[in-house]
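Residues 1 to 162 in the UniProt record's numbering are what the sequence shown lists, from first letter to last.
Treat the hints with care, since some could be wrong.
Distance ranges between label pairs, derived from CB positions [said to hold, decoys possible]:
1. GLU95 with ASP151: 20 to 28 Å
2. ARG69 with GLU134: 37 to 45 Å
3. SER111 with LEU43: 17 to 25 Å
4. ALA89 with PRO29: 33 to 41 Å
5. ALA64 with ASP130: 30 to 38 Å
6. ARG154 with LYS116: 18 to 26 Å
7. LEU43 with GLU134: 36 to 44 Å
8. ARG131 with SER49: 15 to 23 Å
9. ASP130 with LYS75: 15 to 23 Å
PhoX-like mimics (lysine-lysine), calculated; alpha carbons at most 25 Å apart, straight line [stated by the list, open to error]:
10. LYS50 with LYS116
11. LYS116 with LYS85
12. LYS85 with LYS50
13. LYS85 with LYS75
14. LYS75 with LYS50
15. LYS116 with LYS75
Keep in mind that the hints were calculated from the coordinates and are not lab data.
Here a beta-carbon is modelled for each residue, glycine too, at the ideal position from N, C-alpha and C.
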Amino acid sequence: MNSTDNEKTRLVSRGGENSPWQFWQYCQPLTGEFHLYAFQPELAGVSSSKALHLGAFNDTANLAVQKSRFLEEPKTCVALELDAKEFAAWLENPEANQQPEFVGYFGSPWSGYGIKRVEEHQVEVIYAADRRYEWIGVFTQAEAFAWIELDYDRRRRRCVIC
């Protein structure tokens, strides 16, 4: 797949130097937020394709930091799993398909963050763990990602088994 970089799509390849992952950034024209995606195409007979949403940001400097963090320590990253076939279809024709948003569930079966769209450019974040939940708030996608990343890092540092 070639990089697409034009005013209409605002989709740019971020390269995946010496990595099986391809990285893509997308600038959401209505909010100005930058979204970072990682895509691993299917390797014949070896693995199925994978797609991840690695976050929403207000500037491109954070995209490079997040990409490096993912390549160095992927288990420490907030990464929402996407449907790989839908993501591949979006890459093929980003003008015709809706951009994958920072919504879904991030975490383990025991604890994690639910991110649900509540308005056109806002999401609601809920943290759940061990039969309890905590309503965090309503944010832009970039604000939600920043909050989740800080909270996840804090909880991971305190966790005995992490």
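Hint check:
no.: 1; hint: GLU95 with ASP151: 20 to 28 Å; in the structure: violated, 35 Å
no.: 2; hint: ARG69 with GLU134: 37 to 45 Å; in the structure: violated, 25 Å
no.: 3; hint: SER111 with LEU43: 17 to 25 Å; in the structure: violated, 32 Å
no.: 4; hint: ALA89 with PRO29: 33 to 41 Å; in the structure: violated, 20 Å
no.: 5; hint: ALA64 with ASP130: 30 to 38 Å; in the structure: holds, 36 Å
no.: 6; hint: ARG154 with LYS116: 18 to 26 Å; in the structure: holds, 22 Å
no.: 7; hint: LEU43 with GLU134: 36 to 44 Å; in the structure: holds, 40 Å
no.: 8; hint: ARG131 with SER49: 15 to 23 Å; in the structure: violated, 35 Å
no.: 9; hint: ASP130 with LYS75: 15 to 23 Å; in the structure: holds, 21 Å
no.: 10; hint: LYS50 with LYS116; in the structure: holds, 22 Å
no.: 11; hint: LYS116 with LYS85; in the structure: holds, 21 Å
no.: 12; hint: LYS85 with LYS50; in the structure: holds, 9 Å
no.: 13; hint: LYS85 with LYS75; in the structure: holds, 23 Å
no.: 14; hint: LYS75 with LYS50; in the structure: holds, 15 Å
no.: 15; hint: LYS116 with LYS75; in the structure: holds, 23 Å
The earlier numbered hints that this structure contradicts are 1, 2, 3, 4, 8.
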